[in-house]
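Novice: Chain residues, written in single-letter form:
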Amino acid sequence: MTTRDFHTIIVGSGPGGSTVADELTQAGRSVVIFERGHNHLIDPAHPDDLMQVFSNDELKYTERHFLGPDPWLEPRTFRQSEADGERLHVGEVNNLPATVGGGGVHADGKLPRFREDDFRVLSELGPIDGATVADWPLTYDDLEPHYATAERLVGVAGLAGANPFAPWRSSPYPMPPGPPMYAGLVTSEAAGRLGYHPYPAPTGVNSVPYDGRPACNNCGFCANFGCPIHAKGDPVAMLRRALRTGRAELRADAFVSRILVQGGRATGVEWIDRDGQTHQELSEDVVVAAGAMETPRLLLLSGFTNENIGRNIMFHMQTYVLGEVPFRVHGHIGRSVTHAHDDHIIVDDPARKAAQAAGLPWIKGGFVEHASPAHVIAEAKLYPWGHEHRRLMRDSPMRDRLLGFCMQGEDLPQATNRVDLDPSVRDVRGVPVARTTYKVHRHEIVASQHHGARLRSIVQETGADRIFLATSPMATDELRGLHSAISMLPISRHVAGTARMGRDPKTSVCDEWGRLWEASNVLVADSSLFPTISGYGPTLTLVALAIRNVRAFLGRQAEVKR
Amino acid sequence: MTSAEDGRDATRFLSLAQRRILAAACARLVPADEYGPGADEAGAVDYIEGLLGAFLVYPPRIWAGGPFSGRFGGEASFASFHRLTAVDELAWRTRIEGSKGIAERERLGPVAGLQERYTEGLAALGDDFPALPPEEQDHRLRSAGSFLDLLYQHVCEGLYAAPEYGGNRDLAGWRSIGYLGDVQPRGYPDEEVSGA
Numbered sequence: 000m001t002t003r004d005f006h007t008i009i010v011g012s013g014p015g016g017s018t019v020a021d022e023l024t025q026a027g028r029s030v031v032i033f034e035r036g037h038n039h040l041i042d043p044a045h046p047d048d049l050m051q052v053f054s055n056d057e058l059k060y061t062e063r064h065f066l067g068p069d070p071w072l073e074p075r076t077f078r079q080s081e082a083d084g085e086r087l088h089v090g091e092v093n094n095l096p097a098t099v100g101g102g103g104v105h106a107d108g109k110l111p112r113f114r115e116d117d118f119r120v121l122s123e124l125g126p127i128d129g130a131t132v133a134d135w136p137l138t139y140d141d142l143e144p145h146y147a148t149a150e151r152l153v154g155v156a157g158l159a160g161a162n163p164f165a166p167w168r169s170s171p172y173p174m175p176p177g178p179p180m181y182a183g184l185v186t187s188e189a190a191g192r193l194g195y196h197p198y199p200a201p202t203g204v205n206s207v208p209y210d211g212r213p214a215c216n217n218c219g220f221c222a223n224f225g226c227p228i229h230a231k232g233d234p235v236a237m238l239r240r241a242l243r244t245g246r247a248e249l250r251a252d253a254f255v256s257r258i259l260v261q262g263g264r265a266t267g268v269e270w271i272d273r274d275g276q277t278h279q280e281l282s283e284d285v286v287v288a289a290g291a292m293e294t295p296r297l298l299l300l301s302g303f304t305n306e307n308i309g310r311n312i313m314f315h316m317q318t319y320v321l322g323e324v325p326f327r328v329h330g331h332i333g334r335s336v337t338h339a340h341d342d343h344i345i346v347d348d349p350a351r352k353a354a355q356a357a358g359l360p361w362i363k364g365g366f367v368e369h370a371s372p373a374h375v376i377a378e379a380k381l382y383p384w385g386h387e388h389r390r391l392m393r394d395s396p397m398r399d400r401l402l403g404f405c406m407q408g409e410d411l412p413q414a415t416n417r418v419d420l421d422p423s424v425r426d427v428r429g430v431p432v433a434r435t436t437y438k439v440h441r442h443e444i445v446a447s448q449h450h451g452a453r454l455r456s457i458v459q460e461t462g463a464d465r466i467f468l469a470t471s472p473m474a475t476d477e478l479r480g481l482h483s484a485i486s487m488l489p490i491s492r493h494v495a496g497t498a499r500m501g502r503d504p505k506t507s508v509c510d511e512w513g514r515l516w517e518a519s520n521v522l523v524a525d526s527s528l529f530p531t532i533s534g535y536g537p538t539l540t541l542v543a544l545a546i547r548n549v550r551a552f553l554g555r556q557a558e559v560k561r
Numbered sequence: 000m001t002s003a004e005d006g007r008d009a010t011r012f013l014s015l016a017q018r019r020i021l022a023a024a025c026a027r028l029v030p031a032d033e034y035g036p037g038a039d040e041a042g043a044v045d046y047i048e049g050l051l052g053a054f055l056v057y058p059p060r061i062w063a064g065g066p067f068s069g070r071f072g073g074e075a076s077f078a079s080f081h082r083l084t085a086v087d088e089l090a091w092r093t094r095i096e097g098s099k100g101i102a103e104r105e106r107l108g109p110v111a112g113l114q115e116r117y118t119e120g121l122a123a124l125g126d127d128f129p130a131l132p133p134e135e136q137d138h139r140l141r142s143a144g145s146f147l148d149l150l151y152q153h154v155c156e157g158l159y160a161a162p163e164y165g166g167n168r169d170l171a172g173w174r175s176i177g178y179l180g181d182v183q184p185r186g187y188p189d190e191e192v193s194g195a
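Chains as they are written, first to last, in numbering that gives the first Met the number 0: chain R, 0 to 561; chain H, 0 to 195.
Treat the hints as calculated values from the structure; they're not laboratory data.
Treat each hint with caution, since some may be false.
Unchecked claim - Rough simulated footprint, nothing fancy, chain R against chain H, three-plus residues with beta-carbon under 8 Å:
{"#": "1", "segment": "14-24"}
{"#": "2", "segment": "28-34"}
{"#": "3", "segment": "60-66"}
{"#": "4", "segment": "95-101"}
Think of the CB as a built atom: it goes at the ideal place given N, C-alpha and C, for glycine as much as any other residue.
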């Protein structure tokens with residue numbers, strides 16, 4: 000008979016799982032963290048000596064899947080609707096890294112909080128036809144202390160008071176902002192002249208030495224890369240704290256294929272090692288933090304039957320507005336993004352009018368990142384071959400002379416947008432893969448067009464000669480015919496909503512504390528819980544929410560034992 | 000034929016004749032100009048050979064090492080390629096060698112490997128390709144369909160990826176466009192981040 004070696008099994012070593020590991024081990028519980036990908040981050044035996052593997056190597060990260068998942072070994076599938084048949088595409092579908100550290104490794108670490116309104120979209124703004132807009136079962140005030148903890152743990156650099164639309168905060172940022180990038184200074188000045196409110200983007204990148212890790216040295220390989228000098232704190236800081244206690248085991252290359260359930264309680268998991276061998280691990284409880292596509296996949300593989308599992312998947316509707324300027328902006332020097340503005344999140348009069356004109360009650364945009372491309376292989380592939388190639392690479396209209404914005408537009412939840420198990424595609428282990436069925440709501444298209452036009456005027460103000468607008472997924476119907484199914488596939492790497500939390504098991508997967516309705520000793524600890532996605536990146540919020548929920552979970556576990 | 004006779008050696012996949020066609024094609028895709036050598040001279044052929052023959056060396060030339068190249072300080076480690084797990088090897092062998100009817104490589108259907116695509120693509124360009132006038136070479140390239148797309152993608156990688164992958168010879172790709180490449184552990188000073 001197998002015995003329990005750990006109090007808690009944690010599935011996933013990204014920001015959510017690492018945060019839970021930290022909280023549980025600090026509270027004296029033992030955990031084992033399962034990570035399906037490789038470990039390039041931290042030696043469990045020597046958590047203070049971080050591994051020295053990450054590098055400034057465009058090819059390795061953007062072409063050769065170094066952080067995983069390899070889309071051939073672990074594909075996902077995609078279709079827009081059931082009318083497309085079983086699937087349109089097999090391969091990469093909005094993949095986050097499968098590696099120790101998860102999405103924290105590749106992110107450039109923009110870590111904004113959500114606003115007060117984001118937790119009560121339904122009561123503030125009202126319903127929208129075809130969308131399952133809902134309030135969160137908690138408020139910003141409930142989460143604020145945990146946001147503060149999360150910012151201190153990860154180490155967020157920012158400037159309190161710089162963003163007039165920011166929610167209230169109980170403490171300053173733990174670090175001042177890092178050096179502003181030139182392109183961001185140019186776009187911020189232009190935005191300011193037109194009445195917008197740019198501010199230093201809050202980032203989980205060290206501006207000064209912090210938590211035993213060095214300040215960022217501006218190498219430019221930030222978004223999509225692991226940091227060679229570990230100046231990014233998410234989720235290194237939490238994993239390291241957990242491992243230092245001696246109560247955490249980190250098991251990489253270990254894929255959890257099923258949660259074992261008996262009489263409404265999880266008893267452990269079944270997992271597959273790197274050689275394809277299946278094992279069981281027993282525990283008192285199970286935390287699922289596999290990301291908003293892998294979490295519903297695991298719940299479905301485990302035989303849970305709640306009708307809401309996998310539904311309401313949200314990405315961000317990304318609107319890119321970029322202008323070619325007659326001067327160089329060197330986006331390859333610095334930490335990817337140093338400026339942002341939040342004006343487009345506010346439902347103001349022009350946004351209300353645009354909504355009414357389109358027959359919608361309201362529209363919301365999102366966080367606007369001021370950005371400039373940084374990488375040369377990606378750039379080279381945009382240009383034609385022949386004598387033009389080198390002239391264009393030297394003039395660099397699509398990289399070194401390109402600046403502008405990416406807006407992370409709020410994406411409304413829809414019950415028909417969902418993750419389920421693909422009926423026949425299997426991963427290399429023989430396990431059914433996650434299939435995404437997803438189509439944007441008209442809200443996203445109207446909001447993108449409205450705010451895209453406003454962003455275009457800011458780019459124009461910078462002195463740009465030519466301006467390009469693109470969205471992900473592709474927004475306009477006229478363009479659809481010209482592009483493959485791939486362009487309908489969101490590339491945001493912000494995914495949420497597939498195990499939403501709520502107060503009613505008929506409309507949610509988890510209760511208001513993130514516990515599965517069908518098994519109360521299973522805690523979900525990632526962005527799957529989000530009832531709405533807001534216009535902000537999900538990471539800081541999922542970390543804060545994990546802290547809140549796991550502390551409640553610990554309290555409840557103690558009650559059970561008494 | 001022995002390997003010496005057909006121009007192959009133990010670390011190369013392509014024959015000498017194939018390399019000549021490939022070099023001529025690379026020279027058309029990114030020709031030499033006043034700012035730098037053509038893609039052939041800049042190492043694109045070696046880069047492509049490095050990929051097609053990744054498993055002719057150990058560890059295979061898939062993921063270069065880290066954290067530093069040594070070009071801006073630190074101990075040079077890019078040239079120490081990562082060992083692959085059995086599963087990673089399955090993925091990369093399938094991509095490079097093709098599925099060849101092997102069941103575990105055909106889970107998602109048959110895969111035409113890069114080696115096969117290059118063998119066929121270079122054959123279609125023709126043994127006479129290197130000797131053709133430039134206009135005729137360009138015409139054949141434009142008729143090469145998806146092989147042209149594949150080749151151009153690899154030429155871009157061969158010019159602008161880290162030189163440890165076999166291309167970007169003497170940093171010719173980066174130098175020709177005024178790009179420094181990997182700069183860790185030095186990084187860039189704050190003034191260069193914020194200044195014009």
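Novice: Hint by hint, say whether it matches the structure.
Specialist: Taking the hints in turn, this is what the structure says about them:
Here the segment 14-24 of chain H counts 0 residues with a CB under 8 Å from a CB of chain R, which misses the bar of 3, and the coverage is violated. Beta-carbon proximity to chain R at under 8 Å applies to 5 residues in the segment 28-34 of chain H; the threshold of 3 is reached and the given coverage holds. For the segment 60-66 of chain H, the stated coverage by chain R is satisfied: 6 residues place a CB nearer than 8 Å to a CB of that chain, which reaches the threshold of 3. Only residues whose C-beta sits within less than 8 Å of a C-beta in chain R count toward coverage, and the segment 95-101 of chain H has 0 of them, not enough to reach three; the restraint is violated.
Checked against the numbered hints above, the structure breaks hints 1, 4 and satisfies the rest.
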